[in-house]
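Starting from the given sequences, assemble the full structure and let the hints guide the process.
So the chains spell out like this:
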Amino acid sequence: MLLVLLVTSFIVFGMMYLAPGSPLAFVLGPRGGTPEQVAAVTAQYHFDDPFLVRYFRWLGDIFQGNLGRSIVYRQDVTALMSGRIGTTAALVSLSAVLIAVVGVSSGLLAALKSRWVDTVISTIAAVGLSTPVFVIGVALISIFAVGLGWFPTFGVGSGGFDTLVHLTLPAIALAVASAAYLARITKAAVNEERTREHVQTAVVRGLASNVIVRRHVLRNALIPITTVMGLTVATLIAGAVVVENVFALDGLGSLLVRAILQRDFSVVQAVILVLVVAFVVVNAVVDFLYTVIDPRIALGSRQ
Amino acid sequence: MSEALLALDDVRAVLHSRHQSQALLNGVSFSIAKGEALGLVGESGSGKSLTTRAITRMLDPAFEVSGSITFDGAPVLSMGPSELRSYRSRDIGMIFQDPRAHVNPVHTVGDFLTEELVRNRGLSRGEVEHRAVALLDEVGVRYPERRLTQYPHELSGGMLQRVMIASVLLAEPRLILADEPTTALDVTAQSDVMAILDEQRRARGLSLLFITHDLELAAACCDRLAVMYAGEIVEQGAHVYESPGHPYTIELLGARPSIDERLDRLPVLRYNREIHEQLKAEA
Amino acid sequence: MTISMEKTVKGTAVAVRQPGFLHRGYERLGLLGTAAAAVLLLVALSAALAPMLAPYDPDFPDLLAALSGPTADHPLGTDALGRDILSRLMWGARITLAGPGLVILLSTVVGTVLALVASWCGGRVDTAISWVLDILFAVPGIVFALISVAIWGPSLLTVVAGLAVAYVPYVARVVRGAGLRERNLPYVSAAWLQGHSGAGITLTQILPNVQGIVIAQAISSLGFAVIDLAAVSFLGLGVQPPTADLGLMVKSGFDSVLRGHPAEAIAAGALIILIVWCVTVIGDRLTTTARSMR
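Protein chains in written order, with numbering that gives the first Met the number 0: chain A, 0 to 302; chain B, 0 to 282; chain C, 0 to 293.
You may find that some hints are simply not true.
Stated by the list, open to error - Computed spacing ranges between beta-carbons, pair by pair: (1) Lys-112/A / Pro-266/B: 48 to 56 Å; (2) Val-280/A / Leu-179/C: 41 to 49 Å; (3) Val-164/A / Pro-50/C: 47 to 55 Å; (4) Ala-187/A / Glu-42/B: 32 to 40 Å.
Claimed, not checked - Per the computed footprint, the stretches of chain A lying under chain B, defined by three or more beta-carbons under 8 Å from a beta-carbon of chain B, are: (5) 178–185; (6) 193–203.
It is worth saying that the hints were derived from the structure and are not from the lab.
If you're wondering where the values come from, they're calculated on a predicted model, not measured in any experiment.
We treat Cβ as the ideally placed atom computed from N, Cα and C, and that holds for glycine.
Written out as structure tokens, the structure is:
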């Protein structure tokens, strides 16, 4: 995992140099720059040093907590990001809970109940999968915020319960597509597990059917479900970028989009680095969870 | 003659598909008395496993089942859900062919052994574990306490099958159904496991329905034999092995190569469906 | 429709009609799949023929008629600048279909090549390629698009390039699995012994056997590519106004929604959902068929 992090950090760093024109011109942008600005930027990014030295300098800065300086806001990037990480994290966590609860239970119902229930849930899931996050966001706002007035339209609210209310619609918007996908996978996994022989053992022992479903079907179906949850969190983090835009939430996502439009490169680099690190960490956590769920998988081995 | 514990009378199981209907069990009748062991023998596809499924009411819902199956007088085929659960939990116990597939790999051996008694009968986990350890010891599993915290994949096939036997004995059923319990094991484990099953059964006075394709094995440990072909019982009795009457049984017994004789070709059964139908028509 | 000769059991030759292309298609897709394909075809045709079919110029602003609901002149209404929504939908569908189409084409070609090379060569080449794919897998598509835009500036092509890179691992993983399976089959060894080159065998023997899976995966990914591209345009980082694009239309429609005129957002959103749904249904059917044919 460390190796992957190292390589990705190198790639993120090297991104800047892929742009057409000199890196200096890129950072300063079409505005050009006064001689003082050119000197400041050159000093900040150490453009006079060779490439690898710059890379290790940058890496060193990061470990000391220095993520660079925003040209647009004239602030340390770390300061810019600290408050916003909380918003994005809260949004993603709320969404993840919704996805897990709604996705798994719908999938379970679709697999175990009548064909009619299955058809209804599968159809809703298919449509949900096909709907982009921003379309749901816009629809939710127009129906529940503007139309019915049940929820506030924008912003993060003033903390605590108010924030929860503000984050409800965005979290739902984020959750729909992933919950649909999870429902589908859960249904397939549950249907597969039901046919396994160890379930027959449980049945012939006269165990109650809810015990059988919980301990022998669902518990074993957790393996594919966990895989999907891992993928889902990554998608959530990416989707948060869009949702924050729709609901005007001041989180990492909207910071990133603004920075890209304004060519504020330190910010872009820092946010992308944080996102990529988050993805890698999530993947590692999922790999670890496998060993907990399935005792046949040993830590360090790959199936 | 002691009362029959399990009695099957003209049991039929028909599978309907779009194009045809097939009777996979075609009028099976036999009974097992208290404390008696019946060996059900036949080749693959003869309907042995289906019969056990019919007895445990675990046939695929697509089957149309008719006839009568009674356990201690109670009609099995018409039992309601809670009666059925009680029947499965207390009256019968099943040992499956492939222990690796039939034991849930994500729960410990201890979970597997104690699950049924703790949940269905409300006993405490500690007490059940105590009994389980004693039983594991009886069936020849070494270091039984250690096994409780291990997972199924850490045990060998023979060991796992013994665990399964122990779990069935733990529940103290009156009838044990053993579906080819040793086929998936290597030869040494086979004879060990068979010996244990036989000994435990006799010691507790339990009835046994023993499914196998191995005639000699069945004859060695069962009081009576029943021979199946194409979903029907063609012959049954206490002396089928020594003096077979039905042509199929005779051919089956004759087909086993003996160590003393040298043969140019292995014997092939000439008995087939046509002969079978002919014989039935004549009877 | 072709005619072929078949021998019956008794040895005489009998001419038999082979099912034609459409019939086979229906068999593979089922009722729902065929309906989805038909709808998709309709949308694609209207998009392709937009220059001729669209009632209005999509960029033509008519401020006097701005934000009108459905009328006789404008069946779906107009947007904030008075442009006809129906025409903009038809023109926008072109980008929404062509952009992701290009993404999938590029990623499928690159992914298939990489996967076939990896599965054929094995050893360190395979390990290296798999490792790269794993890294690509970890990051969602949109982030790649954003990185691409950050470097080269917002435009349709930048986004296409970014997404194409992001989608390579999905195709590659599936093809690599199938390629590894095929490689171990006897017909490959037979061809090798006959003296054919590795590249030759891969192209002429393995690829045709794998193509069903490749196509199924490509179509499934197409749905996600449509969503991703529309999302990036929605953020303002993809297709730029005044070009008509469904993602952009939802964005500008959003502003109208807040003023009480949801027509544009609803129309554009609904069309996106419809397209993606049809593609997903078709992709699902093809995947099931491809799997059952193994």
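With a C-beta cutoff of 8 Å, work out whether three or more residues of the region 178–185 of chain A approach chain B closely enough for the coverage to hold. violated (count 0)
Verify the CB-CB distance for Ala-187/A and Glu-42/B against the hinted window 32 to 40 Å. holds (36 Å)
Cβ-Cβ distance between Lys-112/A and Pro-266/B: within 48 to 56 Å? holds (54 Å)
Within 41 to 49 Å: is that where the Cβ-Cβ distance between Val-280/A and Leu-179/C falls? violated (30 Å)
Within the assertion that chain B covers the region 193–203 of chain A, do at least three residues meet a Cβ-to-Cβ distance smaller than 8 Å? This one holds; 8 residues, not fewer than the three required, reach chain B with a Cβ under 8 Å.
Regarding Val-164/A and Pro-50/C, is the given constraint of 47 to 55 Å on their beta-carbon distance met? Because 48 Å falls inside the window, the suggested range holds.
Checked against the numbered hints given earlier, this structure breaks hints 2, 5; the rest are met.
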